[in-house]
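Undergrad: Construct all of the structure, not just a fragment, from the sequences and the given hints.
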Amino acid sequence: MAGDLFYILVFPGFLFLAVFALIADYIDRKLHAKLQNRIGPPWYQPLADLIKLAAKEDLIPRQVDPWLFKLAPVFAVTAVVTAALYIPIWRHGTPMSFNGDVIVVLYLLTIPTLTFFLGGWYSRSVYSMIGAARSIMQLFAYEIPLFLSILAPALLADSWSLGGMTLFYAHHPWYALFNAVGLFTALISLLGKLERVPFDIPEAETEIVAGSFTEYSGRLLAMFRLALSIEMIVGAALIAAVFLPFGLNLGGPAAFGLYLVKVLGIVAVIALARTVFARLRIDQMINFCWQFVAPVAFLQVIIDLVAKGVIAR
Amino acid sequence: MSEIRSRNVTIPIGPQHPALKEPTSFSVTLSGEKILQVGVRLGYNHRGIEKACESRSFIQSLYLIERVCGICSHSHSSCFVQAVEEIAGLQLPPRAMYLRTIVAELERLHSHLLWLGVAGHEIGFDTLLMYTWRDREIVMDLLAAITGNRVNYGMNTFGGVRRDISHEQKADILKAMDTLEERTKYYISVATEETTLIQRLSGVGVLSHDDAIRLGAVGPTARASNVKRDIRKDDPYAAYDQVPFDLITSDCCDVYGRTLVRVGELMESYKLIRHLLNNLPDGPLAVKAPRKIPTGEAVSRYEAPRGEDVHYVRANGSEKPDRVKVRAPTLANVQAVAHMLKDRYLADLPIVVAAIDPCFSCTDRLIDLTRDGDGRCDVITWGQLHDYSMRWYKGQGMDLAKLNNRFKCGESS
Amino acid sequence: MKHPGRMVRQVLSSMLRKPATVRYPFVKVTMPKRFRGRLRFYAERCIGCRLCMRDCPTDAIQIRKIADKQFEADIDMAKCIYCAQCVDSCPKKALESTLDFELAQLDRDKLRQTFRGQPPASQKPPEDPQDKP
Ligand code: SF4
Ligand code: SF4
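Protein chains in written order, with my numbering: chain A, 1 to 313; chain B, 1 to 413; chain C, 1 to 133.
Mixed in with the good hints there might be a few duds.
[Claimed, not checked] Quick list of in silico lysine-lysine cross-link-like pairs, DSBU-like style, CA-CA up to 30 angstroms:
{"#": "1", "chain 1": "B", "residue 1": "Lys-185", "chain 2": "A", "residue 2": "Lys-30"}
{"#": "2", "chain 1": "A", "residue 1": "Lys-34", "chain 2": "C", "residue 2": "Lys-18"}
{"#": "3", "chain 1": "B", "residue 1": "Lys-175", "chain 2": "C", "residue 2": "Lys-18"}
{"#": "4", "chain 1": "B", "residue 1": "Lys-21", "chain 2": "B", "residue 2": "Lys-325"}
{"#": "5", "chain 1": "C", "residue 1": "Lys-93", "chain 2": "B", "residue 2": "Lys-292"}
{"#": "6", "chain 1": "C", "residue 1": "Lys-79", "chain 2": "B", "residue 2": "Lys-288"}
{"#": "7", "chain 1": "A", "residue 1": "Lys-56", "chain 2": "B", "residue 2": "Lys-21"}
{"#": "8", "chain 1": "B", "residue 1": "Lys-185", "chain 2": "C", "residue 2": "Lys-2"}
{"#": "9", "chain 1": "A", "residue 1": "Lys-34", "chain 2": "B", "residue 2": "Lys-175"}
{"#": "10", "chain 1": "C", "residue 1": "Lys-65", "chain 2": "B", "residue 2": "Lys-170"}
{"#": "11", "chain 1": "B", "residue 1": "Lys-320", "chain 2": "C", "residue 2": "Lys-18"}
{"#": "12", "chain 1": "B", "residue 1": "Lys-292", "chain 2": "B", "residue 2": "Lys-51"}
{"#": "13", "chain 1": "B", "residue 1": "Lys-320", "chain 2": "C", "residue 2": "Lys-93"}
{"#": "14", "chain 1": "B", "residue 1": "Lys-185", "chain 2": "C", "residue 2": "Lys-18"}
{"#": "15", "chain 1": "C", "residue 1": "Lys-28", "chain 2": "B", "residue 2": "Lys-21"}
{"#": "16", "chain 1": "B", "residue 1": "Lys-325", "chain 2": "C", "residue 2": "Lys-79"}
{"#": "17", "chain 1": "B", "residue 1": "Lys-34", "chain 2": "C", "residue 2": "Lys-2"}
{"#": "18", "chain 1": "B", "residue 1": "Lys-271", "chain 2": "C", "residue 2": "Lys-28"}
{"#": "19", "chain 1": "C", "residue 1": "Lys-65", "chain 2": "B", "residue 2": "Lys-175"}
{"#": "20", "chain 1": "C", "residue 1": "Lys-79", "chain 2": "B", "residue 2": "Lys-170"}
{"#": "21", "chain 1": "B", "residue 1": "Lys-21", "chain 2": "A", "residue 2": "Lys-52"}
{"#": "22", "chain 1": "C", "residue 1": "Lys-79", "chain 2": "A", "residue 2": "Lys-34"}
{"#": "23", "chain 1": "A", "residue 1": "Lys-30", "chain 2": "B", "residue 2": "Lys-21"}
{"#": "24", "chain 1": "C", "residue 1": "Lys-18", "chain 2": "B", "residue 2": "Lys-228"}
{"#": "25", "chain 1": "C", "residue 1": "Lys-79", "chain 2": "B", "residue 2": "Lys-51"}
{"#": "26", "chain 1": "B", "residue 1": "Lys-170", "chain 2": "C", "residue 2": "Lys-33"}
{"#": "27", "chain 1": "C", "residue 1": "Lys-2", "chain 2": "B", "residue 2": "Lys-170"}
{"#": "28", "chain 1": "C", "residue 1": "Lys-18", "chain 2": "A", "residue 2": "Lys-262"}
{"#": "29", "chain 1": "B", "residue 1": "Lys-292", "chain 2": "C", "residue 2": "Lys-79"}
{"#": "30", "chain 1": "C", "residue 1": "Lys-93", "chain 2": "B", "residue 2": "Lys-271"}
{"#": "31", "chain 1": "C", "residue 1": "Lys-65", "chain 2": "B", "residue 2": "Lys-292"}
{"#": "32", "chain 1": "B", "residue 1": "Lys-185", "chain 2": "A", "residue 2": "Lys-34"}
{"#": "33", "chain 1": "C", "residue 1": "Lys-93", "chain 2": "B", "residue 2": "Lys-288"}
[Said to hold, decoys possible] Every beta carbon over 10 angstroms from chain A, so not counted as near; a handful from chain B, in silico:
{"#": "34", "residue": "Thr-10"}
{"#": "35", "residue": "Val-40"}
{"#": "36", "residue": "Leu-128"}
{"#": "37", "residue": "Ala-145"}
{"#": "38", "residue": "Thr-192"}
{"#": "39", "residue": "Arg-274"}
{"#": "40", "residue": "Glu-319"}
Everything labelled a hint here was simulated from the structure, so no lab data went into it. Backbone N, C-alpha and C define an ideal beta-carbon position, used for all residues, glycine too.
TA: In structure tokens form, the structure reads like this:
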């Protein structure tokens, strides 16, 4: 019991995730700056931002339902932290693993977007409402490709648990190569999920101020920000576990170190993407996802089905 | 979803908004993401510069006029001195003409580079912003070295210019031009090859050739709609009749075209500056100008980076101007913006507005207070305005009268 | 050829380049020689013609007679727009722009400076001679 509590609250639960998220946030920002030929923030900047926000007053608009307004960020953080508990870090599977946990993780990762929607929609501000509507429209566009590309490797592995999948690919390392296409589409969908350039449409600063978060301030905004940072590493960890399932056999510190490298590598790719692209428009984003990403993700499913058939024979 | 789509909302963009660095207000009626209607309201930054000039001597007015705009300060001051020089019948030494033109083109360089960055920022492409502004620093440093300041150069004076370009500076400028030309070529390749950029620019903010003429667009906005309109060619001033350069136009008629025109003009400016520097005539920097300008009036036109700038000056033989009128280029283009935004997406608004390279405080010259309904124009006194605002705030639940007397009539803090 | 990610190579090469940002105020920046910064007044040169006052667009400068052929200048650095018109107008070169641009003050009164006789000690002379045409 105490072990479980430690697992949930400290390592690799909330505390570890929060610290890791801040580090990843720093690396993302520093890299972004370096790529733009700037100096970038000092290492403590994400923490300083968080503390500063936490020290500020929480302003709650008069017309909103204070409960919903306050609960939305809490749910966002809880959901992403819960999702992290199922993702293997230094061994195959986690104490919480069960068959089907990959679906649970995917659904848990949808919750933050829903809280952005609820928080924004009930903020009673036109900017928030447009941001909220965009969040949800965008969700419909990237969610299917993300599901398809994550579930395809599961089909090949014939396991619906992340632990089972990593075990399968540990035994057949070369099979992971079949999923290269899925890695690509999953990364694109992750950009949409994290609302990063080129898909930062729901919080497009120059159009709708801060989108869903326009009315948020203080601790509540800090929580939303933290949720987004944690979501970034959880999403990256999920992709790492599914598409780059190497090195978990090393066990202990080596596997853990490799996990950090993989996650930060994906964070670096995200930073690069947001450096070299312009923000798309919502219609362009939806068209792109449906006309390009979804079919390619579907192709991944077919590849895995065929591969599975060939292997079975 | 259908509920979201069918509801019309009106959102305020400005006077304070991240997309606009200057106070102006667009009230945008949306149906979903589509813009149904745009209302533009100017006048938040009226500074009364024209009127203030009337109570200052010409030389004092010059520095005030220079501050109409920060980015095109040289444009406004040149336009003003041209008008005054015409009234006074001053003949400028050729070197002064050339130096004025060189600074004018340097200003165009930094203004267009600035625009390119702003355009990138408006469509979420901050990398372009960082890169172009980094390179813009080269021009800013040159301007600071030549004129003594980064923004309000103070280069002009009646009858000539105040600062010379030394030999070392000439070499520095020529070297900087090579660097910048190379960088600009790279930006041209980015603008014409980066898919996400083209997607956001192409087909956005369409202004047809005929509409551009009908709505009186000027500058790069007009030239991108294939209107061959450039004061430097149409009515050459300073040294522009002595230097070869091409008029850049585009027939894209959209924001993409405006981008191409501006980067094309950058390339022309490099050519121009090289030519001017290599053919810089010797001679004095200025002729002596009288303090009292003889009675007369003049209209002067100038191709600022944003388009045609017009100044009207009337002198009555005294030390002070009788009347000064400024028409900044943005005022000519702002009509086109409302037209370009109709039936477009909300997401296009920032870039369409930015594409005319607006400068709203330069534009805000005069406010007409029209009463709702009957459209009558009222002039109200300071006291009435004060009472009105007190009443208005009271209606909002704030009683400013309780605050101390700092805001009382006539007093400034 | 059109393709997304046109700037990838450029941004990656930025990783190896020195950042363009200047670490001001930790690293001091020097202004070009012609920079029009804080004004400086040489009382011994002034003849009290007040041409500077007449041309100043902002009334930032006041010349006062304190004794026979002795003048002091009151310059309000907050009003001054650093156009250096007074420097150009002065027939005796009694005014000069320095390279000092760090003028920010919390107290507005500190921006009002009176120059008598010798320029105050806080006025450090610029390192380079001014190259004024
Ligand atoms: S620099 Fe310009 S504003 Fe300042 S005191 Fe001299 S004339 Fe006046
Ligand atoms: S113009 Fe020069 S000499 Fe005349 S009062 Fe001013 S500082 Fe003194």
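Undergrad: Decide if the proposed pair is consistent with the structure: C/Lys-79 and B/Lys-51, CA atoms, cutoff 30 angstroms inclusive.
TA: Distance of about 20 angstroms is within 30 angstroms: holds.
Undergrad: Can the restraint linking B/Lys-175 and C/Lys-18 be considered satisfied, given a maximum Cα separation of 30 angstroms?
TA: 21 angstroms, holds
Undergrad: Would B/Thr-192 pass as off the interface with chain A, using Cβ distances and a cut of 10 angstroms?
TA: 14 angstroms, holds
Undergrad: Run the distance test for C/Lys-93 versus B/Lys-288: straight-line Cα separation, threshold 30 angstroms.
TA: 19 angstroms, holds
Undergrad: Check whether the Cα positions of C/Lys-28 and B/Lys-21 lie no farther apart than 30 angstroms.
TA: The hint holds at about 29 angstroms.
Undergrad: Below or equal to 30 angstroms on CA atoms is what counts here, so check C/Lys-79 against A/Lys-34.
TA: 40 angstroms, violated
Undergrad: Confirm or reject the statement that B/Val-40 sits farther than 10 angstroms, beta carbon to beta carbon, from all of chain A.
TA: 17 angstroms, holds
Undergrad: For the pair supplied as a hint, C/Lys-93 and B/Lys-292, confirm whether the alpha-carbon distance does not exceed 30 angstroms.
TA: 24 angstroms, holds
Undergrad: Against the 30 angstroms threshold, does the CA-CA distance of C/Lys-65 and B/Lys-292 hold or violate the hint?
TA: Status holds; Cα separation ~28 angstroms.
Undergrad: Need the status of pair C/Lys-79, B/Lys-170: alpha-carbon distance at most 30 angstroms?
TA: Measuring from Cα to Cα gives roughly 34 angstroms; hence the hint is violated.
Undergrad: Sort out whether C/Lys-18 lies within 30 angstroms of B/Lys-320, counting only the CA atoms.
TA: 52 angstroms, violated
Undergrad: Does the structure keep B/Lys-292 and B/Lys-51 at a Cα separation of 30 angstroms or less?
TA: 19 angstroms, holds
Hint compliance for this structure: hints 10, 11, 18, 19, 20, 22, 24, 27, 30, 34, 36 are broken, all remaining hints hold.
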